[in-house]
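J.: Given next are the chains, with one letter for each unit.
Protein chains: 2
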Amino acid sequence: MNQDITFYFDFASPYAYFAATRIDKLAAAHGRKVRWMPVLLGALRQETGSPLPVEVPIKWQYVQKDLLRSARLHGLPYRQPPGFPKFLIDPARAMLWIRREHGDELATAFARNCFGANFGDGVDIGDAEVLMGIASALGVDRAALAAGIKEPAIKQQLKEEGEQAMRRGVFGVPFVIADEEAFWGFDRLDHLQAYLKQSSAGQ
Amino acid sequence: MNQDITFYFDFASPYAYFAATRIDKLAAAHGRKVRWMPVLLGALRQETGSPLPVEVPIKWQYVQKDLLRSARLHGLPYRQPPGFPKFLIDPARAMLWIRREHGDELATAFARNCFGANFGDGVDIGDAEVLMGIASALGVDRAALAAGIKEPAIKQQLKEEGEQAMRRGVFGVPFVIADEEAFWGFDRLDHLQAYLKQSSAGQ
Numbered sequence: 678m679n680q681d682i683t684f685y686f687d688f689a690s691p692y693a694y695f696a697a698t699r700i701d702k703l704a705a706a707h708g709r710k711v712r713w714m715p716v717l718l719g720a721l722r723q724e725t726g727s728p729l730p731v732e733v734p735i736k737w738q739y740v741q742k743d744l745l746r747s748a749r750l751h752g753l754p755y756r757q758p759p760g761f762p763k764f765l766i767d768p769a770r771a772m773l774w775i776r777r778e779h780g781d782e783l784a785t786a787f788a789r790n791c792f793g794a795n796f797g798d799g800v801d802i803g804d805a806e807v808l809m810g811i812a813s814a815l816g817v818d819r820a821a822l823a824a825g826i827k828e829p830a831i832k833q834q835l836k837e838e839g840e841q842a843m844r845r846g847v848f849g850v851p852f853v854i855a856d857e858e859a860f861w862g863f864d865r866l867d868h869l870q871a872y873l874k875q876s877s878a879g880q
Numbered sequence: 678m679n680q681d682i683t684f685y686f687d688f689a690s691p692y693a694y695f696a697a698t699r700i701d702k703l704a705a706a707h708g709r710k711v712r713w714m715p716v717l718l719g720a721l722r723q724e725t726g727s728p729l730p731v732e733v734p735i736k737w738q739y740v741q742k743d744l745l746r747s748a749r750l751h752g753l754p755y756r757q758p759p760g761f762p763k764f765l766i767d768p769a770r771a772m773l774w775i776r777r778e779h780g781d782e783l784a785t786a787f788a789r790n791c792f793g794a795n796f797g798d799g800v801d802i803g804d805a806e807v808l809m810g811i812a813s814a815l816g817v818d819r820a821a822l823a824a825g826i827k828e829p830a831i832k833q834q835l836k837e838e839g840e841q842a843m844r845r846g847v848f849g850v851p852f853v854i855a856d857e858e859a860f861w862g863f864d865r866l867d868h869l870q871a872y873l874k875q876s877s878a879g880q
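Line order of the protein sequences matches chains X and Z. For what it's worth, the working numbering labels the leading residue of the first sequence as 678, then goes sequentially. For what it's worth, the working numbering labels the leading residue of the second sequence as 678, then goes sequentially.
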């Protein structure tokens, strides 16, 4: 049994941001480590034939309110960046490149800081300067990263990680897989917690 | 301000069943009364262009597990009726007819018993005999009800209630509207509770 937990997310998703603020601590409380894996929600939705929330006006209007309410109820800072919602691909590619070049720990720190900037501070990480600034603050070389996110191998890896995720049953974000159990949505972290508790009690 | 709460549901939805087991008590704790309103999820989804969960295999596989887990975590009896999932229109029409002929209280009791039979006991309320039996146990005349659910006026009312619901922002079930606030999903009853608490404290 794989003791790790995989946390699938899209940098563009506020619900993924909410989950990102909680997932590591939740896992650590049960002796688990989280592997963060960026995927593109657009690609997942294309596969399922489901429109994105923003494409359904009656739903999007609701989601906008639900986001504010969720943030308030869970005590999380939440500010929408300029241009929200928009597709974000470069942060995901950057994270994969940083993981390859600098290891998992730095890549996860980068992802965490990206989420915090984008939805905590409301700063657009789709802006290349902002994105490079976040990486640079962690000691990553800007020029190398700028070249890295254009590498065909990195682009291909992001695509393949998405396909691999779908083969594991991922169809939305945030999505957590712990052992063989799947948890979709920020609002299923309570299910995850119950599972981890039961799972660690059974060992 | 309308002090009542409207609970929109489709008899075919297990998540609506979960919500149905909790909604009255939750509202009553804050001095509110719930108006139960059947709508047809199929019609709502047609409007939004979103496929039903069962139409997306990767999602449906997940939902099946999530239902069992949700029931277990919330301590709710859950048994899938034969033929699940399937469209259920007659129970909705029956409820509207009972409301017109026997009043709101009996109609809500009927709806509650339908949900309990269908998903608590796993008995198919799409079966006319089962449905009539549930109504009959509440003192409703079987023959009159059987004729009532075929009335054009009742069919039309169900259609119009769905359209009216969509105008209020309803795009899925279960869906609760309290005052002007909207709550979608069994997993948003905690948001509803927080709202009602805040709302009654502010009076």
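Be aware that one or more of the hints could be misleading.
[Said to hold, decoys possible] Lysine to aspartate or glutamate pairs mimicking EDC-like chemistry, simulated, CA-CA at most 20 Å apart:
no. : chain 1 : residue 1 : chain 2 : residue 2
1   : X       : LYS710    : X       : GLU806
2   : X       : LYS710    : X       : GLU782
3   : Z       : LYS710    : Z       : ASP856
4   : Z       : LYS742    : X       : ASP798
5   : Z       : LYS742    : X       : ASP864
6   : X       : LYS702    : X       : GLU724
7   : Z       : LYS702    : Z       : ASP804
8   : Z       : LYS832    : Z       : GLU732
9   : X       : LYS742    : X       : ASP798
10  : Z       : LYS832    : Z       : ASP781
11  : Z       : LYS874    : Z       : ASP701
12  : Z       : LYS827    : Z       : ASP867
13  : X       : LYS832    : X       : GLU724
14  : X       : LYS710    : X       : ASP798
15  : X       : LYS832    : X       : ASP798
16  : X       : LYS702    : X       : GLU782
17  : X       : LYS742    : Z       : GLU858
18  : X       : LYS763    : X       : GLU806
19  : X       : LYS742    : Z       : ASP856
20  : X       : LYS827    : X       : GLU806
21  : Z       : LYS742    : X       : ASP856
22  : X       : LYS742    : Z       : ASP864
23  : Z       : LYS836    : Z       : ASP781
24  : X       : LYS742    : Z       : GLU857
25  : X       : LYS836    : X       : GLU724
26  : Z       : LYS742    : X       : GLU857
27  : Z       : LYS742    : X       : GLU858
28  : Z       : LYS832    : Z       : ASP804
29  : X       : LYS742    : Z       : ASP767
30  : Z       : LYS742    : Z       : ASP781
No lab work stands behind these hints, which were simulated from the structure alone.
J.: Need the status of pair LYS742 (chain X), GLU857 (chain Z): alpha-carbon distance at most 20 Å?
T.: holds, 12 Å
J.: Do the alpha carbons of LYS742 (chain Z) and ASP864 (chain X) lie within 20 Å of each other, as the hint requires?
T.: holds, 15 Å
J.: Given the hint that LYS710 (chain Z) pairs with ASP856 (chain Z), test it: the Cα-Cα distance must not exceed 20 Å.
T.: holds, 12 Å
J.: Sort out whether GLU782 (chain X) lies within 20 Å of LYS710 (chain X), counting only the CA atoms.
T.: Holds - the C-alpha atoms of GLU782 (chain X) and LYS710 (chain X) are around 11 Å apart, at most 20 Å.
J.: Taken at face value, is the distance from the CA of GLU806 (chain X) to the CA of LYS710 (chain X) at most 20 Å?
T.: violated, 31 Å
J.: Checking one constraint from the list: CA of LYS742 (chain Z) to CA of GLU857 (chain X), max 20 Å. Satisfied?
T.: Satisfied, since the Cα-Cα distance of roughly 12 Å is no more than 20 Å.
J.: Take a quick look at whether LYS742 (chain X) and ASP798 (chain X) sit within 20 Å of each other, Cα to Cα.
T.: holds, 18 Å
J.: Compare the distance between the alpha carbons of LYS710 (chain X) and ASP798 (chain X) with 20 Å, and conclude whether the hinted pair is satisfied.
T.: Status violated; Cα separation ~27 Å.
J.: Would you mind confirming whether the straight-line C-alpha gap from LYS742 (chain Z) to ASP798 (chain X) stays at or under 20 Å?
T.: Distance ~36 Å between LYS742 (chain Z) and ASP798 (chain X) Cα, so the pair is violated.
J.: Hint check: LYS827 (chain Z) vs ASP867 (chain Z), CA-CA at most 20 Å. Holds or violated?
T.: violated, 38 Å
J.: When you check the alpha-carbon spacing of LYS742 (chain X) and ASP864 (chain Z), does it fall within 20 Å?
T.: holds, 15 Å
J.: Between LYS832 (chain Z) and ASP804 (chain Z), does the CA-CA distance stay at or below 20 Å?
T.: holds, 18 Å
Taken one by one, the earlier hints fail for this structure at numbers 1, 4, 6, 7, 8, 12, 14, 15, 29, 30, listed in ascending order.
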